[in-house]
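On the provided structure of chain A, position chains B and C as indicated by the hints.
Each protein sequence line maps, in turn, to chains A, B and C.
All the letters of the first sequence, read from the start, carry residue numbers 40 to 843 under my numbering.
All the letters of the second sequence, read from the start, carry residue numbers 505 to 778 under my numbering.
All the letters of the third sequence, read from the start, carry residue numbers 137 to 304 under my numbering.
No wet-lab data here; the hints were simulated from the structure.
Do not take every clue at face value.
[Said to hold, decoys possible] Part of the chain A face toward chain C, derived, beta carbon under 8 Å:
1) Gln74
2) Tyr77
3) Met769
[What the hints assert, rightly or not] Pairs of lysine to aspartate or glutamate, DMTMM-like flavour, derived with a Cα cap of 25 Å:
4) B/Lys523 / C/Glu156
5) C/Lys282 / A/Asp699
6) B/Lys739 / A/Asp697
7) C/Lys282 / A/Asp231
8) B/Lys778 / A/Asp699
9) A/Lys450 / A/Glu439
10) B/Lys532 / C/Glu265
11) A/Lys707 / C/Glu261
12) B/Lys739 / A/Glu765
13) A/Lys704 / B/Asp754
14) B/Lys588 / C/Glu156
These numbers come from a predicted model, not from an experiment.
Beta carbons: idealized from backbone N, C-alpha and C, even for Gly.
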Amino acid sequence: MTQLPDSNYKAPDGPQKYIGKAVKRVEDPRFITGQGHYTDDINVHGQLHAAMLRSPYAHAKIGQIDASAALALKGVHAVLTGQDLADAKVGSIPTGWLLPDLKIPPHPAIAHGEVHYVGDIVAVVIAESRALAEDAVALIEVDLEPLDAVSLGSQALAQGAAEVHPEAPGNVAFNWEIGDAAAADELFKQADHVVSLKIRNHRLVPNAIEPRASLAQYQRSSEEFTLHTTSQNPHIHRLMLAAFVLGIPEHKLRVISPDVGGGFGSKIFQYPEEVIVLFAAKKLNRPVKWAARRSESFVSDMQGRDHESEAQLALSKDGKMLALKVDTIANMGAYLTTFAPAVPTYLYGTLLNGVYKFGAVHAKVTGVFTNTVPVDAYRGAGRPEATYLVERIVSKAASELGMDAAEIRRKNFIQPEDFPYQTPVALVYDSGNYEPALDKALGMLGYQDLLKEQAEGRKNGRYIGIGFSTYVEACGLAPSALVGQLGAQAGQWESAVVRVMPTGKIEVLTGSHSHGQGHETTFAQIAAEEFGIPMEDVVIVHGDTGKMPFGWGTYGSRSAAVGGSALKMALGRIKDKATKIAAHLLEAAPEDIEVADGQFKVKGVPEGGKSFFDVALMAHLAHNLPEGMEPGLEAQYMYDPKNFVYPFGTHIAVVELDADTGHVKMIKYVCVDDCGPLINPLVVEGQVHGGIAQGFGQAILEETVYDEEGNMLTGSFMEYSMPRAEDLPMFEIDHTVTPSPHNPLGVKGIGESGTIASTAAVANAVNDALRAFGHHHVDMPFTPEKVWRAMKGGVQDLGQAADD
Amino acid sequence: MYTTPFDYHRAVNLDDALKMLADNPDAKLLAGGHSLIPTMKLRLASPSALIDISALDELRGIRTDGDMLILGAGVTHAELLYDKTVAEYAPLMPDMARWVGDPMVRNRGTVGGVVAHADPAADYPAGLLTLGASFKLKSAGGERVVGVDDYFKGMFETALQEGEIVTEIHIPRQAGKGAYEKFRHPASHYAIVGVAALASPEGVKVAMTGAGPKAVRLTQVEQAIGSDLSDENIKSATENAVDAGSLLSDRFASAEYRAHLAGVLAKRALMRVK
Amino acid sequence: MSLVPVTININGTPTPAQVEPRMLLVQFLRDELELTGTHVGCDTSQCGACTVSLNGEAVKSCTLFAVQADGMDVQTIEGIGSMDDLHPIQAAFWEQHGLQCGFCTPGMIMASAEIIRRNPDPSEEEIREQLGGNFCRCTGYHNIVKAISSAAAVMREKGAEAGQAADD
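Next up, chain A with everything else stripped away, as it sits in the complex:
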């Protein structure tokens, strides 16, 4: 066993051939020609179709289900109910993250006894066609006896509120706390100024443009299942479905997630429909497919955010931040799904320190059940909620103290020499240098000129707002031992196999999964870089448990930092062995061999050498290998980093309010992100663009609204406002580069930064504009009527209550 390089980052010795280059994406030709291969594009012989009967009530007792008329339709094969699954001992859909005293009510794939949200599945029709299945659903008669329901987290905690589950008295799923309350209290006593903030981080629907879909096949002869499903992490699906839900031996279930049309978290989770199609495929011995209609997605895709918080920030009179206290109610919805308990706790409370030097931070979070669609990870998952709170209260402090919003931040930044930085809320930030990002962004913005323009405008009834978000986030989810201590029922390492073929072509198998992130390009860049071979000689394989070793998939901006690092480590093993073979063939010492442009050469000897092909071929022919060397050229690495990674940066939004209508127009957006070295700037910037749009969407447009009975009032694109091209400006993007010391590529995640940072930036911009009307805080989303009322309403600050 050779000594592997230390996993700590080492900067490249010289110029790189692929890494850092804006390489056009390898996967694009199939997508731009309509040859993408998504789950709903797959049809197999004998396939049946499932359609769901979903509860129209937020909470109801299920009585008699009469399916006789549905079953009488020619071509209807079965109607399944919760009783069928209970009789077959199908298990509850599990929760994959545990907290102390966590209450986990049963979550059957088809509701049994009671339904708990509008959209909960009551019965399922399996029929020859989707059309027929939908016709049959309309013929099922169900006695549903409506029960009292509750939709808002704080209302669920109120005395006498409807009880969602008897397993969770008072609707409390968990009470969780982090930080030193006594230390915080002490600092508040010393404070010259305390800023208070009451905010709602409203609920969102992820709305990946590809609706979820699943196709199950069962091979009776071998008792093997194949599930094609829209998943960000097929191994997690296999593990949960096999071990916990259906009792399928894990090696008899193959989960394939082919091209996936966006995830944003919503395709991490193990969903009821996957259980149903697998169960039905075996029962009927026919392939069974289900594809969501968008109106189903709105009531069945796990949703995001939904916090109600109160916070206090203690400051000295010169604007030094001393301590922060936060009390949050997190609405978990009707059930606890895959990662749900982690999102408002370890992915939220630990991030409340932001980029600042606090003496103490204390947070208390109450997780609450309601009769709404479950809430789980949505792009950023906990970190946008934390960033919105911290960045909003900091801007509010600046507003109250009459300080410049950029300067109050600068004054409180953790300094470069402080890293690694132990925060008061458990995390150790790996590396950072926050001021250069702020300065660069201010320069790009032309901040001083813009301030003048803003002041000038206010005199003439033109209301410009400038909003800052100097964020840090924790991503690259791992290390396993740490997440295990925190309650994860999963590991968080990642796998890579590098398989060099006799002709020198490379197949890379990764446990990471691309649903838009571009792994087929960026991972090929990493692999090709190692040997200087053409990128065309590398293929990236992902999304199939039948091909890859175990892996944990893609979420939490972990692909490059964890999956990419696993690849880098596996490549190191290949390089090591290939170098020995080359040295043997060149009759030189391995340490005298260097590799560049696909050629192994003896250092200082420009002639001769062996090509990567020569070495790969000899590794397989094994005619002439070093003494005792095992033939072949294949390596696997399971990479488990030592810490999260901590990307950071400065985002600045500039908005203009229409004084007549309250319409908010974003006129400029500038950001400087630091995600360490960029593997592919094109891909990185694309991630930032999309992230900004989603964060902007929350601040200005998007909102999932339930009435008090738990009916969703925004259940289609007719009511739920998605960001359109017309809503956004061109973004101005730049970077600083501060490598992470914790992985061999030095990279930090970038998939979520845009969303984490931008909601706060946009919200701060609108609030900055509204300062002209005497406000220190108005809560998002900034719908036109709300802004109009704020503009005409004078000094009254508008919290969540003003929304309706």
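Same frame as chain A, now just chains B and C:
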């Protein structure tokens, strides 16, 4: 995604369509389909039969008769937006058409469909009120022409009788500047409020759509304007000019806000026609 | 429910079929013809993932019954260009990184063709406004707008070249 099953009848000509409509009272007419098909897909409407008039040549075409612009009911929003005759005779029509849906919707959706459906949030009714349009309605029994003031009755309610089809929209040649201003719902893009203004030698007309159950003339604004289109008069005539009392109110926009927007949009439209 | 005979000219090939009246054009393309490049992203005619060209004009194939397309020309993403011969809009989406997950992309490309057909030299503002019927959740539209601009420029140049060649 699937509608309930229905019988499909492709009309070969208008008479054929009228006869089928008379024979199938439960049938719905299918033209552009951009209101009907989404409703059917969500199974909020389940007609037993559809009579497809989307390909009827008799309903197509843009022509003029003296100073009258005559639009076939099957003329699409895109045709209104790009047609030279329409631009010459009634430039207010393309000023509204550009706000309808999106390019794909405009290529399929028809002016007759909008008139027949009478969605309270549709754009055209505002402009048609100011232009003094009229509509030719045909049935198996005959035909009649109804003026716009008598046509729109309420939310999804018109003068159309059972068995009647809107076949033509008649628009007198626009004699002055017209403008349409719209504040759209950020999700659906339908009008929260839309206001059309027309300044012709006969006077200034202003009409509003989206805010109430049906499009209406803003006569109080018209009276306050008279023929004085000075900035000051436009401002004073439109500020707080609309009463919230009869307006719609929903989660996104209260009646009070809609009334305010109507004043703002009236001001903006009037500024453009001065 | 009786089936209705239709013949639709799909990407230049007359395609006869018997269809149930309620079958949408998009379902006909995807489920009957395996032309799965045209996608379904919503059920309220808003997302534009299903955009195809009908007799030369872009339409939402989820808001049109297949029977209505009888006798008409339908062009889908599979017909606008191929891997060997990319349409300039396809090439521009690739070049400008105008896609990520790829799901909205076929509809975006077909809608882009409509924008450029209506105005060969659209401004950024026009492009953004004319994209009102197409949702993308990945790109923030930034690179899509760039792609359409650059495709329009390429197409204008090609048009000019073709015009010049015809003159010569």
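query: Does A/Lys704 pair with B/Asp754 here, judged by a C-alpha cut-off of 25 Å?
result: Holds. A/Lys704 to B/Asp754 sits at ~23 Å (cutoff 25 Å).
query: Quick one, are B/Lys739 and A/Glu765 close enough, alpha carbons at most 25 Å?
result: Distance ~29 Å between B/Lys739 and A/Glu765 Cα, so the pair is violated.
field: Pairwise hint evaluation, A/Asp699 against C/Lys282, where the allowed Cα distance is 25 Å at most
entry: 32 Å, violated
message: Next pair to validate is C/Lys282 with A/Asp231; report whether the Cα-Cα distance is within 25 Å.
response: Not satisfied, since the Cα-Cα distance of roughly 50 Å exceeds 25 Å.
query: With a cut-off of 8 Å, does the beta carbon of A/Tyr77 approach a beta carbon of chain C closely enough for the hint to hold?
result: Result: holds, 7 Å to nearest chain C Cβ.
query: Is the Cα-Cα distance between B/Lys739 and A/Asp697 25 Å or less?
result: 17 Å, holds
message: Checking one constraint from the list: CA of A/Lys450 to CA of A/Glu439, max 25 Å. Satisfied?
response: Holds: A/Lys450 and A/Glu439 sit about 16 Å apart, inside 25 Å.
query: Between B/Lys532 and C/Glu265, does the CA-CA distance stay at or below 25 Å?
result: 33 Å, violated
- prompt: Between B/Lys588 and C/Glu156, is the straight-line Cα distance small enough, at 25 Å or below?
  reply: With Cα atoms ~39 Å apart, B/Lys588 and C/Glu156 exceed 25 Å; violated.
message: Tell me if the straight-line CA distance from A/Lys707 to C/Glu261 falls inside 25 Å.
response: 14 Å, holds
message: Does C/Glu156 sit within 25 Å of B/Lys523, going by the straight-line distance between their CA atoms?
response: It holds: about 24 Å lies between the C-alpha atoms, which stays within 25 Å.
query: Given the proposed pairing of B/Lys778 with A/Asp699, does the C-alpha separation stay at or below 25 Å?
result: Satisfied, since the Cα-Cα distance of roughly 20 Å is no more than 25 Å.
Checked against the numbered hints given earlier, this structure breaks hints 5, 7, 10, 12 and 14; the rest are met.
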